[in-house]
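Guided by the hints, dock chains B, C and D onto chain A, whose structure is given.
Protein chains: 4
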Amino acid sequence: MQLAMVGLGRMGSNMVKRLVAHGHECVVFDMSPNVVADLAKTEGVTGATSIEDMIGKLTTPRAIWLMIPAGVVEKTLASIVPHLEKGDILIDGGNSYYIDDISRAKMLAEKGIEYVDVGTSGGVWGLERGYCMMIGGSNATVEHLDPIFKTIAPGKGDAGPTPGRKPGIGTSEDGYLHCGPNGAGHFVKMVHNGIEYGMMASYAEGLGVLKSANIGKHLGEIDAETTPLRDPEHYQYDFDLPEITEVWRRGSVIASWLLDLTAQALIEDPALSKFGGRVSDSGEGRWTIRAGIDEGVPTPVLTASLYERFSSRGEAEFSNKLLSAMRYEFGGHLEKPAEK
Amino acid sequence: MQLAMVGLGRMGSNMVKRLVAHGHECVVFDMSPNVVADLAKTEGVTGATSIEDMIGKLTTPRAIWLMIPAGVVEKTLASIVPHLEKGDILIDGGNSYYIDDISRAKMLAEKGIEYVDVGTSGGVWGLERGYCMMIGGSNATVEHLDPIFKTIAPGKGDAGPTPGRKPGIGTSEDGYLHCGPNGAGHFVKMVHNGIEYGMMASYAEGLGVLKSANIGKHLGEIDAETTPLRDPEHYQYDFDLPEITEVWRRGSVIASWLLDLTAQALIEDPALSKFGGRVSDSGEGRWTIRAGIDEGVPTPVLTASLYERFSSRGEAEFSNKLLSAMRYEFGGHLEKPAEK
Amino acid sequence: MQLAMVGLGRMGSNMVKRLVAHGHECVVFDMSPNVVADLAKTEGVTGATSIEDMIGKLTTPRAIWLMIPAGVVEKTLASIVPHLEKGDILIDGGNSYYIDDISRAKMLAEKGIEYVDVGTSGGVWGLERGYCMMIGGSNATVEHLDPIFKTIAPGKGDAGPTPGRKPGIGTSEDGYLHCGPNGAGHFVKMVHNGIEYGMMASYAEGLGVLKSANIGKHLGEIDAETTPLRDPEHYQYDFDLPEITEVWRRGSVIASWLLDLTAQALIEDPALSKFGGRVSDSGEGRWTIRAGIDEGVPTPVLTASLYERFSSRGEAEFSNKLLSAMRYEFGGHLEKPAEK
Amino acid sequence: MQLAMVGLGRMGSNMVKRLVAHGHECVVFDMSPNVVADLAKTEGVTGATSIEDMIGKLTTPRAIWLMIPAGVVEKTLASIVPHLEKGDILIDGGNSYYIDDISRAKMLAEKGIEYVDVGTSGGVWGLERGYCMMIGGSNATVEHLDPIFKTIAPGKGDAGPTPGRKPGIGTSEDGYLHCGPNGAGHFVKMVHNGIEYGMMASYAEGLGVLKSANIGKHLGEIDAETTPLRDPEHYQYDFDLPEITEVWRRGSVIASWLLDLTAQALIEDPALSKFGGRVSDSGEGRWTIRAGIDEGVPTPVLTASLYERFSSRGEAEFSNKLLSAMRYEFGGHLEKPAEK
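As they're listed, the protein sequences go chains A, B, C and D. Here UniProt numbering is used: the first residue of the first sequence is 1, the next is one more, and so on. Here UniProt numbering is used: the first residue of the second sequence is 1, the next is one more, and so on. Here UniProt numbering is used: the first residue of the third sequence is 1, the next is one more, and so on. Here UniProt numbering is used: the first residue of the fourth sequence is 1, the next is one more, and so on.
The hints are simulated quantities; they were obtained by calculation from the structure and are not laboratory data. You may find that some hints are simply not true.
If chains are identical, the list can't say which one is meant, so a pair holds when it fits in one copy or spans any two.
To be verified - Straight-line Cα separation of at most 25 Å, PhoX-like style, residue types lysine-lysine; simulated pairs:
#1 K57 x K150
#2 K274 x K166
#3 K75 x K111
#4 K75 x K217
#5 K57 x K75
#6 K106 x K217
#7 K336 x K274
#8 K336 x K217
#9 K17 x K150
#10 K17 x K41
Isolated chain A (complex conformation):
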């Protein structure tokens, strides 16, 4: 079927490639005309020179997929909506906050325009693996778009059937799912990313403990400020992290796709020297914590993983200065300078 794609970054253009490869017709638009021209040329899709141009090239009911940063969805909608007609469909495949979906869907419903929110996971690997999709919207519209979803989704792939599950019921086995009414797609994706933060942090912390398992070889000075390591003979291990992450990939309880990627990153550069350790967070982690707090559901692990990222960027600096200041006030303790 026909689909317009707005936003031809990594994910948008890869989705277009998957769609074209399966015989769908795509009209594409991006703020950068060169990107549009390139994709039109290499994939044989229809390029559009403007939002209006794009809309003019679509048959009704139009289906327009936005694959753009959450921060620009609002103004992009404002430029598209006036040109749409009753029955047209807008799909937000980015990382919008589900609360915005709820209000947008309501606003669009007043104009007879359908809105679908799609949380999409898969990153740079989606072209090859397909994109896991979590979808929110009305039954009729989500069913109407099923050919699109089926094509973008990964399909059954390597993951075997879940024991006890009847095969062939529903689409989740193919990597996409209609999760509920508007907002449901991004809600589930939001929590998905919250879990992702926690899993990533679990590996990172564990490997950090392995990395420092040789500190018994490097004894520090003795002073009243620092507690000496009691048993240096217990910390004499120089672990080979690429090998350890590799062995965990087979037969262990913690095997996962993230572990596969971690093993790959460590093989490329065991010291990870090209990274500084300033870890970004892009919203979903924060919103997951917020939802947990609204619900009264504790999420200590997910929250800790978010705060590690804040701290990695120096956001705890003032609090830390205050701790040093208090220590100075009550105990006369001076800060120790950084080592090395």
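Here is chains B, C and D on its own, set in the frame of chain A:
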């Protein structure tokens, strides 16, 4: 080659089955004679009626694998060691604390006995999938036992090669790894389990947030003790957790073997009604935190996952009573009774 | 000066008592006529039978202080505002969310009505100690109300001057402070309560560790599910918590008013047997975390203290069941029943 | 009575000053002869040129108080003990691990030497305020030393009697307490410091949230990596932290001695510019967590406060690099450079 197995619980007997199936010779012993007799009968292995009997049936250098609870290793060693000779090998495949490995290995080295610590992951699935093994000990002894490890290990299985990694170097691709000198095997397994706790908690917390995403439908009373939910319209979702965990299995960033099992558990019983929520911890999580603290490496996520387990068993009760008592003292606040 | 008080709960009526004792004139209203009548009788204040009655008894510019649950402020405002005139002043002394202050102040400003948000700390002790007040609003209005604030505030009291601070500048030495424009008062009070949660939890956790310092006397069974306590001889202490909290009150770094109250609670009932350990939270803690997340400032300690409260009320139950379910799936682990 | 003081750092020499001022006789020793000479001159105490010299100047039963870093207690004991006689008393007033107290007391008991462990709080303020002391040892020895403890302790001071507590029973009202057998003193002090970490972090985090309450004035760029601040109008406050900490000192629930010191630090330098934010930890916090874990008692708040200190010193760096590496692998995300 020949191996004695002490402890025929789930893991010990499954390892014997894998070994026998690949032509190794096993002598087996367990505190329960019936278990020994059963395994001897069904698997054609040599049963032993006592430690002494077992040792008498082994050719030197003897290789004896202990697959028993960490709490009884010490006394089992005491019953075996007096009967051993120089060059014999003791393997602890259970969940011992690596610090005990260090002292045991030292003590046994004085008698010329080799000690190997093997952290083993795979649980009830090991018979089918093989066991991921993390090994500590001397080079010569670990190499000597290689045929055993190769057989118990999962082999390459479904996990593809890691891009950038030269194939055929080392054993980690086959799911077992010599991690370092004594204690290294259990150290790596300890951290593995610490990571496991964090990953499990990440899924559990995220699914907890999804489970309560319908609280907007159940509005509580208004009083000075409770903050009202500000936006009940944002929490109107009745999510289908078995479907959501299923969809995440394909193409998403959080796909993992633990997620496969979670999807399976939820298909069997979406309400998890046969569980009370009292979560055990069996040592490695605690030791991982302890190692992190000794090293000065922060592990907020792994620690939070351990403490959730403590709290699930009611271990925070006194602290919580104290919080209620303080609230009463400064604000006259009375505890609200449990709902329902 | 004249002040109307709406809401004669513990805090509202105690404030009225402090005001009357210092010669201010109070008109009072409460949903319960009996409460109004009682206070009118014992304190000689003017009782009002309705909002309209109250407003009629005030001279302009009217000053009306609301001391009511955050959940009913909105509808109370709706019943008062239509009767007010330009220049009148509404004061919210409860625990409103500062974000509501911002929108209310804006809405009221359009009608020429002044709005002042006052975060008030002091609990049941305020009658005796005075109430610490954090105030948001315009300079002119906050200055106009200064006689009221000065009377309700604690004054210098026991707390000595801060070394390095010039005396007589500003009101903070007297226990009240104009913190900034609207919302600033409740923002500072919100964070104050967030800190309160963290401090309370610090004492509660520490005392919990002291309480269980005798577990070495109660050895559990040995099984594969539970790690045995390695050094029971290190946990043989039966600590006297009332005495310990008492000794910390003098000369220690952790002396505080909360510790005074904790010592008092423990003297009354060392086992805290009248509490079940279900700890409420009333909003400010949640909002503090939310503000930290919006700002990107990590608050791991304050957040942990909030989540402890959630967990104490059983809100982690589903997550915990899921952990048990996973453990069963991968390891065949059964839940251990509760002891006793 | 007579007391020998070994270690004339800030705390040791201040204790000597308090003792001398109340008529006790002190013999003093320090590794630095100048320090000994100075104190002998200014306070009129007896200086010792060596451990042997000091011991020779004491009458039996000797009472020797060590006020030295935990890391040098072991070797100092080794130099003293050979010169002691049955009935002599060694007091460790520093920050030793209580587990060391248990083994030291046992070893000394075999020689008939009494051992007393004293956890001491008060920092640089102890000369003026007195030192809060938590004491472990035998009843007879602790009673014998009562005149010393009573003098060093703060006495009743400003802290009023605890309501409900019978006056005149026990010494806790005077700021010192015999907490139990050996190790009990340092156990209670250890937990005291754990609580101190949590309280300090509570203030530091809360003030950090206040400090950044003006971020709405500084809007960042929009990209897919960063979630935009949704409501900048909610973060427009420039709070005056010295004034806010000052106002909380009077009548608020979070008044404390640590808050007094925080207000003082902020008055001196609101930007805390002389601190870098690298916060040391000196052992007791770590040990408190360890005790909680051994006991199975969750201490999420205290633990978070410890980990903040680790992170402030860069100890999470490798873990953070790994998080960035994972983000790069699955999503092609590049690290954002530090701002400024």
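Comparing the hints with the structure gives:
For a Cα distance limit of 25 Å, the shortest separation of K57 from K150 inside one copy, 24 Å, qualifies, whereas the shortest one across copies, 61 Å, does not. Proximity of K274 to K166 under the C-alpha cut-off of 25 Å is restricted to the inter-copy arrangement: shortest distance 22 Å between copies versus 47 Å within a copy. Taking the closest pair of Cα atoms, K75 and K111 come within 25 Å of each other only inside a single copy of the chain (17 Å); across copies the shortest separation is 33 Å, beyond that limit. In this assembly of identical chains, the alpha carbons of K75 and K217 lie at most 25 Å apart only when taken from different copies (22 Å versus 58 Å within one copy).
In the homo-oligomer, the alpha carbons of K57 and K75 lie at most 25 Å apart inside one protomer (21 Å), although the nearest pairing across protomers, at 52 Å, exceeds that limit. Taking CA atoms no more than 25 Å apart as the test, K106 paired with K217 passes between copies only; the shortest distance there is 19 Å, against 63 Å inside one copy. Taking CA atoms no more than 25 Å apart as the test, K336 paired with K274 passes between copies only; the shortest distance there is 12 Å, against 28 Å inside one copy. Taking CA atoms no more than 25 Å apart as the test, K336 paired with K217 passes inside one copy only; the shortest distance there is 21 Å, against 34 Å between copies.
Taking the shortest Cα distances, K17 and K150 sit within 25 Å of each other inside one copy (14 Å), while across copies they are farther apart (43 Å). Proximity of K17 and K41 under a CA criterion of 25 Å is satisfied intra-copy only: 12 Å inside one chain copy versus 60 Å between copies.
The structure shown violates none of the earlier numbered hints.
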